Amino acid sequence: MKIQSDKSNLAYGVQMVQRAVSTKNTMPILEGILLEAQNNQITFKATNLELGIICSVSAQVLEPGSIVLPAKYFGELVKRLPDISIIIETNANHSATITYGESTITISGYDSEEFPVLPEITNKQAINLPADLFKNMVKQVSIAISKDEARPIFNGILTEISNNGLKLVATDTHRLAYRSNTFETKLQLKEIIPGKTLVEVSKLLDPNNPVSICFDQNQVLFQTTNVSIISRIIEGQFPDYTQVIPSSYSTNIRLETRAFLNALERASLLVRDSAQDKANVIKISTSENYLIINSNAPDVGKIHEKIPAHIEGEEIKISFNSRYLIDALKVIEDEEVYLQLTGSLSPGVIKPVSQDNYLYLILPIRTV
Amino acid sequence: MKITEKLIQVEEQLSKLLSEVQELKMQVYALEEQNETLRKKLYEKKDTGEGFGNLARLYEEGFHICPAHFGRYRNEGEGCLFCMSFLKKGESR
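Those protein sequence lines, which keep their order, are chains A and B. Residue 1 is where the first sequence starts when you use the working numbering, and the numbers rise one by one after that. Residue 1001 is where the second sequence starts when you use the working numbering, and the numbers rise one by one after that.
What the hints contain is simulated information worked out from the structure, not anything from laboratory work. The structure displayed is predicted, hence computed values, not measured ones. Some hints here could point you the wrong way.
So, partial list: chain A residues that the calculated Cβ filter (under 8 Å) puts toward chain B [as the list claims (entries may be wrong)]:
{"no.": "1", "residue": "Thr171"}
{"no.": "2", "residue": "His174"}
{"no.": "3", "residue": "Leu176"}
{"no.": "4", "residue": "Gln243"}
{"no.": "5", "residue": "Pro347"}
{"no.": "6", "residue": "Leu361"}
Note that CB positions come from ideal geometry on N, CA and C, so glycine has one too.
Full structure from sequences and hints, please.
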């Protein structure tokens, strides 16, 4: 293989696929990036067997061929190359010589034949979405993904496609985030995509281009103009989330998102616990046209916040983990939100006021 | 004579034993009877929601009762949406 390219194209390709390079030492070749040169195009591939990324950039191919180069060295090197024409040429012993100006560097690599073949998805049925919309959907839902790896289904995002469009759902069983987008499609499926993958995918997508998503039996493929991302699907059955979403409420509170978020952030300062999974309990109550937030840490101090709000229905006193509330308010772009509650033991719902496509369900904390 | 006396003694002991066995037999019979009735009562209760009560108690004691996490320990103070919806469904039945 012999190619000639400029630095920016090489750096772009490496940067795109780097997220899929394996960090585990089980298979050394997976710590590498596969370079394939043909038809005036250089294709970068990386995989950790869970996620695979393929990115093609144009280059002058002087001699077609392929090689696997260790991402650690090749990636760092490409970033530091001067901005001139660069030639990469493979040698007989699975190494590559990179020539830039009068200087050269030789890196040992691996035989490209040993690199795992990335699965091909032949299914042509795909849904197309604007990338910025998809990014936003993932951002709003991924906050509720569970970090506990004992139950893999909760590490994923349920992706449900039906004739009403796309629905994404994630839950760690303490809270649940749901986002829908309506469009017409004939596809019907329900799969769980690893949450980490979706977060990575949404980082790689160019917001100005559409993304196409298609599913195979065990894989999902995301495609944009020059990048393809393949991920495995999590096996298992996602619990029926529709039955946990309350159909009614006894108290409806409408208030400004920003004011609520700021007050919560102040209130949680005192009760913040360094241990992530420990509850940061804040108490919420209603009084006429105000929502009152109280938090109390006996050895630090206490805080009392009063936010103007439109309140309908019964008065209420309820405790929440402030971190869970903050997570949701940070991803809601609407100026106002509804907080809908039914007694102090039933889950509360947070929704944007002007749209009906997002819902965040949160369980209260029992306090004595 | 001595042997006759001894035999009489043995006979007395045997009849004592026999009466004890008879007494025990009656007691065992009564216990078996009682056991049967209690068992019947227990099953009757289970049919009318004892199982649900057991699950509710398990949840109270800090364990998951939802299919996804069944039997796993819950973090203290943090509920589970799926357990709660299950409990709700049971209560409204």
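Worksheet item: Which numbered conditions among the earlier hints are violated in the structure presented, ordered from lowest to highest?
Response: none
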